[in-house]
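Colleague: Residues per chain, in single letters:
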Amino acid sequence: MKKVIVFVDDEPAITEAMNHYFSVKFPECQTKAFVDPVMALDYCLTQPVDLLVTDINMPEINGFQLIKKVRDAGVIMKVIIVSGFYSNEHKEEFSSLGDFSFFTKPVLLKELFAKIKEKIG
Amino acid sequence: MDFNKPLDKSNAIWLKSGVLLVCFIYMFYSFFINKIRPDLYDAGRWIPVSVNLLFILLCYKFPNSIFHKKYPLFAALGLGCLIFHYAYLLTVNNHEMNYSASYVLLCTICILILSHYYQVIIVGIISYGISLYISHHVNWMAQSVYDLWVVSTIIISAFSTCVKINLINKKNKALNREKNMREKLFSSSRFTVLGELSSGLGHEINNPLMIISNYLQILDIDEEKDEETKKVIGKIQTQVMRIGNVTKSLKEFVDTEKSVKFDFYLKNTIEKSLTLLDSRIKHSKIKIILPEKDQKVFGKEPEVCQILVNLLSNAIDALEGRANKQIKITIKEDGENVFLSVWDNGVGIIKENQGKIFTPFFTTKDPNKGTGIGLSVSKQLALKNDYDLYLDEKITDGTNFTLSIPPKEN
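Residue numbers (the working numbering), protein chains in the order written: chain A, 100 to 220; chain B, 4 to 413.
Keep in mind the hints are simulated off the structure, nothing from the lab. Cβ atoms here follow ideal geometry from the backbone N, Cα and C, with glycine treated the same way. Some hints here could point you the wrong way.
[Unchecked claim] Some chain B residues well away from chain A (every beta-carbon gap over 12 Å; in silico):
id, residue
1, K288
2, K354
3, L384
[As the list claims (entries may be wrong)] No farther apart than 30 Å at their CA atoms in a straight line, the calculated lysine-lysine pairs in the DSSO-like style are these:
id, chain 1, residue 1, chain 2, residue 2
4, A, K218, B, K288
5, B, K387, B, K397
6, B, K251, A, K168
7, A, K214, B, K234
8, A, K131, A, K101
9, B, K234, A, K209
10, A, K214, B, K299
11, B, K328, B, K290
12, A, K216, B, K251
13, B, K270, A, K209
14, B, K288, B, K251
15, A, K216, B, K234
16, B, K233, A, K124
17, A, K177, A, K216
18, B, K251, A, K209
19, B, K233, A, K218
20, A, K209, A, K131
21, B, K264, A, K167
22, A, K214, B, K251
23, A, K214, B, K228
24, B, K251, A, K177
25, B, K228, A, K124
26, A, K177, B, K387
27, B, K233, A, K214
28, A, K218, A, K131
29, A, K214, B, K264
[Stated by the list, open to error] Covered by chain A, per the in silico footprint, the following chain B stretches (three or more residues, Cβ under 8 Å):
id, region
30, 207-214
31, 391-404
Bound-form chain A, shown alone (with noise of 0.2 Å):
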């Protein structure tokens, strides 16, 4: 069975970008790419995900509320984030969030591939 990705950004051409991206580099892989964190949120909770790639900075629920609420539900899945979006002041947030990767915007796809092989591969 494929492992699955799930990709959650705000901006569709990010998005759109790693989706294309993973699906010619790791083919072994299904990707699912979602600009609605509500919609990710909902894919997670119903369905098998191994990765979930998540910016923090996004309309309705962030990235921590999202990485949050699929740990409550019990549901247990490898979590990168992708953001531009890091500060001490949410060292706490961040430090709430269990195990985690953390990747700079902008970020080199292959850095994010090789990392993801790791966690996943």
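Fit chain B to the known structure of chain A by using the hints.
Modeller: Positioned in the frame of chain A, the structure of chain B alone reads:
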């Protein structure tokens, strides 16, 4: 009057013209006295005139000398010399009427010049009234009235002038201080706004950058692309990452208040600081000498970065217009503390200013360039972290600031 302060241009011309006028009246008067009363001739009267003319001549001849910079002091000395010489003549010539009359004229002009203002004339008239009143009651001779008028005019005028100039100076100083504070606060508030703006920068710049970067990398995965195209893609990608690094550094730079302590490597911090000043360094053609070895320290990295940016920025300013510009960053340690130093071969800091450099709002830079808060903020940041920031006063070739970082507390 603040004799140590150079007058502004219009006042300086006015004062010098006044002194010249007094000298000419004196010379003119002496010339006629010699004609009318040769028995009263005194060669000594040319001394004070020569002194005054000499001061003015020196002032024009050497525009950067003390004579020009502190001309009010010399004008006061010269005119004082004139008054005292006249007082002397008055005594030895037994208060002759013509001497007294010219003495009145001379003193009034002198005081008018020193006080600058019409109030002196009013004070003169009042003092004349007082002396007339007193002389009428004590039945003095008319000659004494003149003398009394002169003396009271001098005393009252001098007193009122001192009070008035003192008040004007105080008012001007207060106004200047307020103006400076306002300008500097405005500048620092702009920094605060910059800080707030750069919080949003991460999102607004890095997202489009991420999109450009992603599509570049999608282009790059196509194996059929020729080498040249791949090279161009690589170059664009490098520049995209460079912009990303600038926004990252900027964000960390303004985020100091919220930062936490952790272990970090100084070389990395130096690189971040240099990224923020990259264009200024390249534009000024400064040679940067980096430390050879790296050092791990414990603390708030963004705050060290901020201190470093301030020191480097000052170093860049100090190198303006110099030849063979160099900034050397060194890392040393004595087994306990780590010393991060920034040296430049610029203008250096003169001895008189060395004690004031960490004072808030003290600056020797152009008002549009320096706010005078960089070093004071850096010092505050250093002390807040139990670091120390100091100037190496022994250095004679340029300026060397050192940040001493203590070891990690147990």
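Colleague: Just to be careful, I want the Cα atoms of K209 of chain A and K131 of chain A compared with a cutoff of 30 Å; is the pair within it?
Modeller: 18 Å, holds
Colleague: Given the hint that K270 of chain B pairs with K209 of chain A, test it: the Cα-Cα distance must not exceed 30 Å.
Modeller: Roughly 26 Å separates the two Cα atoms, so the pair holds.
Colleague: Please work out if K228 of chain B and K124 of chain A have their alpha carbons no farther apart than 30 Å.
Modeller: 16 Å, holds
Colleague: For the pair supplied as a hint, K214 of chain A and K234 of chain B, is the alpha-carbon distance within the 30 Å limit?
Modeller: 25 Å, holds
Colleague: Between K264 of chain B and K167 of chain A, does the CA-CA distance stay at or below 30 Å?
Modeller: Holds, at roughly 26 Å.
Colleague: Taking beta carbons only, do three or more residues of the region 391-404 of chain B come closer than 8 Å to chain A?
Modeller: violated (count 0)
Colleague: Does K251 of chain B lie within 30 Å of K214 of chain A when you go C-alpha to C-alpha?
Modeller: Since the Cα atoms of K214 of chain A and K251 of chain B sit roughly 21 Å apart, the hinted pair holds (cutoff 30 Å).
Colleague: Hint check: K177 of chain A vs K216 of chain A, CA-CA at most 30 Å. Holds or violated?
Modeller: Distance of about 12 Å is within 30 Å: holds.
Colleague: For the pair we were handed, K387 of chain B and K397 of chain B, check the Cα-Cα distance against 30 Å.
Modeller: 26 Å, holds
Colleague: Checking a non-interface call: every C-beta of chain A should be farther than 12 Å from the C-beta of K288 of chain B. Is that right?
Modeller: Its Cβ never comes within 12 Å of chain A, the nearest being 30 Å, so this holds.
Colleague: Can you confirm whether the C-alpha distance between K328 of chain B and K290 of chain B stays at or below 30 Å?
Modeller: 6 Å, holds
Colleague: Mind checking the alpha carbons of K214 of chain A and K264 of chain B for me, to see if they're no more than 30 Å apart?
Modeller: 27 Å, holds
In terms of the numbered hints stated before, the structure departs from hints 4, 26, 31, listed from lowest to highest.
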